[in-house]
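J.: Listed here are the chains, written in short residue letters.
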Amino acid sequence: MQNTPSVQVPTNNLAQNEEYEGKAKIIRVLDEQTVLVKFKDDLTAFDGVKKATKKGKGHLNAQITKILFSYLQDKGIPTHFLEQLDDTTFRARKLRMIPVEFVIRNYSAGSFVRRYGLSKGMKLKKPILELFVKSDALHDPLIDPNVAIELGFLTRDEYEKGKLYSYLINDFLSQLFDQIGLTLVDFKLEFGIDQEGTLYLGDELSPDSMRLWKKGTQKSFDKDVFREDKGEVIEAYEYVYRRLSEINDFQPSPPEFMINLSIRLKPGIVDAEGAVVKRALTRLGLTQLSEARVGKLIDLKLSATNVLKSLETFAVGRTEFLINPLIEKSEISFDV
Amino acid sequence: MSTIGVIRFPGTNNELETKRSLERLGAQAKIIPHFKPELVREVAALYLPGGFSYGDYLRPGAVAKTTEIGIEIVRAADEGKPILGVCNGFQVLTELGLLPGALVKNTSTRFIAKWISIWIERSNSYLEDLAGTTLSLPIAHYSGSYYQTKDALEQMKQKQQIVARYSLTSGDVTPHANPNGSLENIAGIANKVGNVIGLMPHPERAIEPFHRTQHGKQIIASFLEAIK
Numbered sequence: 058m059q060n061t062p063s064v065q066v067p068t069n070n071l072a073q074n075e076e077y078e079g080k081a082k083i084i085r086v087l088d089e090q091t092v093l094v095k096f097k098d099d100l101t102a103f104d105g106v107k108k109a110t111k112k113g114k115g116h117l118n119a120q121i122t123k124i125l126f127s128y129l130q131d132k133g134i135p136t137h138f139l140e141q142l143d144d145t146t147f148r149a150r151k152l153r154m155i156p157v158e159f160v161i162r163n164y165s166a167g168s169f170v171r172r173y174g175l176s177k178g179m180k181l182k183k184p185i186l187e188l189f190v191k192s193d194a195l196h197d198p199l200i201d202p203n204v205a206i207e208l209g210f211l212t213r214d215e216y217e218k219g220k221l222y223s224y225l226i227n228d229f230l231s232q233l234f235d236q237i238g239l240t241l242v243d244f245k246l247e248f249g250i251d252q253e254g255t256l257y258l259g260d261e262l263s264p265d266s267m268r269l270w271k272k273g274t275q276k277s278f279d280k281d282v283f284r285e286d287k288g289e290v291i292e293a294y295e296y297v298y299r300r301l302s303e304i305n306d307f308q309p310s311p312p313e314f315m316i317n318l319s320i321r322l323k324p325g326i327v328d329a330e331g332a333v334v335k336r337a338l339t340r341l342g343l344t345q346l347s348e349a350r351v352g353k354l355i356d357l358k359l360s361a362t363n364v365l366k367s368l369e370t371f372a373v374g375r376t377e378f379l380i381n382p383l384i385e386k387s388e389i390s391f392d393v
Numbered sequence: 136m137s138t139i140g141v142i143r144f145p146g147t148n149n150e151l152e153t154k155r156s157l158e159r160l161g162a163q164a165k166i167i168p169h170f171k172p173e174l175v176r177e178v179a180a181l182y183l184p185g186g187f188s189y190g191d192y193l194r195p196g197a198v199a200k201t202t203e204i205g206i207e208i209v210r211a212a213d214e215g216k217p218i219l220g221v222c223n224g225f226q227v228l229t230e231l232g233l234l235p236g237a238l239v240k241n242t243s244t245r246f247i248a249k250w251i252s253i254w255i256e257r258s259n260s261y262l263e264d265l266a267g268t269t270l271s272l273p274i275a276h277y278s279g280s281y282y283q284t285k286d287a288l289e290q291m292k293q294k295q296q297i298v299a300r301y302s303l304t305s306g307d308v309t310p311h312a313n314p315n316g317s318l319e320n321i322a323g324i325a326n327k328v329g330n331v332i333g334l335m336p337h338p339e340r341a342i343e344p345f346h347r348t349q350h351g352k353q354i355i356a357s358f359l360e361a362i363k
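If you read the sequences in order, they're chains A and B. Per this note's numbering, the very first residue in the first sequence carries number 58; after that it's consecutive. Per this note's numbering, the very first residue in the second sequence carries number 136; after that it's consecutive.
Simulated from the structure, these hints should not be mistaken for lab results. Cβ coordinates follow ideal geometry from the N, Cα and C atoms, glycine included. Be careful, since some hints might not be right.
[Claimed, not checked] Once the Cα atoms are required to be at most 16 Å apart in a straight line, the calculated EDC-like pairs of lysine to aspartate or glutamate come out as: (1) B:Lys352 x B:Asp191; (2) B:Lys200 x A:Glu377; (3) A:Lys353 x B:Asp191; (4) A:Lys245 x A:Glu158.
[Unchecked claim] If you want a taste of the chain B side facing chain A, the calculated C-beta under 8 Å gives, among others: (5) Ala197; (6) Lys200; (7) Ala237; (8) Thr242; (9) Thr244.
Please model the complete structure; the sequences and the hints are all you need to start from.
T.: This is the structure:
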């Protein structure tokens, strides 16, 4: 069995000044920490089978991405966006991209409908997160999170944080689009890691990477207009951009999220409580029991007014107070 | 003579006998409740008595480190004031980061309350003058098993930070004399400078004529000596 992932992200191995041209963007490495992201006018669909060039599309997606990334950054979601350079270009943090796409769905649409034989436009009880391998050659297959972790595409911590950010971004964006009469049906996110190991939202957030329907209808304001030949795609993108740029300092109501911390004594530390539990269970007939260890669970509920700040403060509180790193280890999971 | 502050957290329950034992040896002592952290600056030394500060929630001594008085105790230690933490006071000092290592649950899985003997080691601390003596003192704890990594323990030995070990009445340090599973029978340690000591046995409970021994007097006398 091979241990290295068969899926490589081409932008991860670029040297300085080297360029990579993708389907919709060009990435050029500026230095160790930063890249230049240029949005192209090209549109592709069905893994690059359907192609077109629409003048002005690169500009619109660059602007929409900038608006949405700035909005999310203000809520404490770390994104790679640093500054706009011109109409179609911005400077961004250089990241090692995770070769897995995070997709959140609020309504049934697209491949989700085909895969499970559903009708389009069904509101899901809860937003659903799906992971896909980022590979045109493999047609972006759906992947189970545990498999993605086992194959080394991402770590469990990266998955947990990516999941948290995905659900919170969904909440923030849904509220924002609601302001301009659009429903956020589903969207795709890509995350990457900088040199310090911090997880950032990368790539773009535009009608190329999400489905937007006019509220109460299934009228598309996204790439489906192009995919399904439903009209002039540039007009749809222009509409989204115009309406978004009209919004002034919208403050969404912050969603709540849970941090679940499980604490265990390190191996080798005598667990007196575990020893008593073991003896008790043995008395009850569980004679095959070779060891019992007792840990702790701490559940914290937080308001996502500034996600990053909360997570950073929590990280300090965890190692300085919630656990004693000399004798204990811990695992974190998140829930929204 | 200068005053000794006896720190009382919510859940501390040894502060009265501690204050009285200090006074028995001629010292002035006052109880400093956790909500008056500013009083820590007015005293010459600190005694952190036993009990169950903050209900032992999370880990014994852990919550104390998030308090203002916790910060003041660290400041006092940095200023070089003599500090003695006994039982839960010892646990608080490790959680505050003033003493290395951790105190985990007794390997016997039981709360232990009994008289034990300790052998006083040569150390860099204010108990150095008692080195080579064996003292009989009571212990009463559930989490008194001292734990430290191998490398860190070596460093502590090099700096002479081991103050006391559980022993037989003869002073021999044997596994049999270890009541709680402490690493190498450790019953008390000091910080690198030697002004902060943590002890699991209770000197303040071996003072009065009706106590089984009065060996606690020697420890408290050395503590008082350090203030002068």
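J.: None of the hints should be skipped; say for each whether it holds.
T.: A quick look at each hint next to the structure:
1. B:Lys352 x B:Asp191: violated, 28 Å
2. B:Lys200 x A:Glu377: Holds, because 9 Å separates the two Cα atoms, which is no more than 16 Å.
3. A:Lys353 x B:Asp191: Measuring from Cα to Cα gives roughly 14 Å; hence the hint holds.
4. A:Lys245 x A:Glu158: holds, 6 Å
5. Ala197: Holds - the Cβ of Ala197 of chain B comes within 8 Å of chain A, reaching about 6 Å at its closest.
6. Lys200: holds, 7 Å
7. Ala237: holds, 5 Å
8. Thr242: Holds: closest Cβ of chain A sits about 5 Å from Thr242 of chain B, inside 8 Å.
9. Thr244: holds, 4 Å
Hint compliance for this structure: hint 1 alone is broken.
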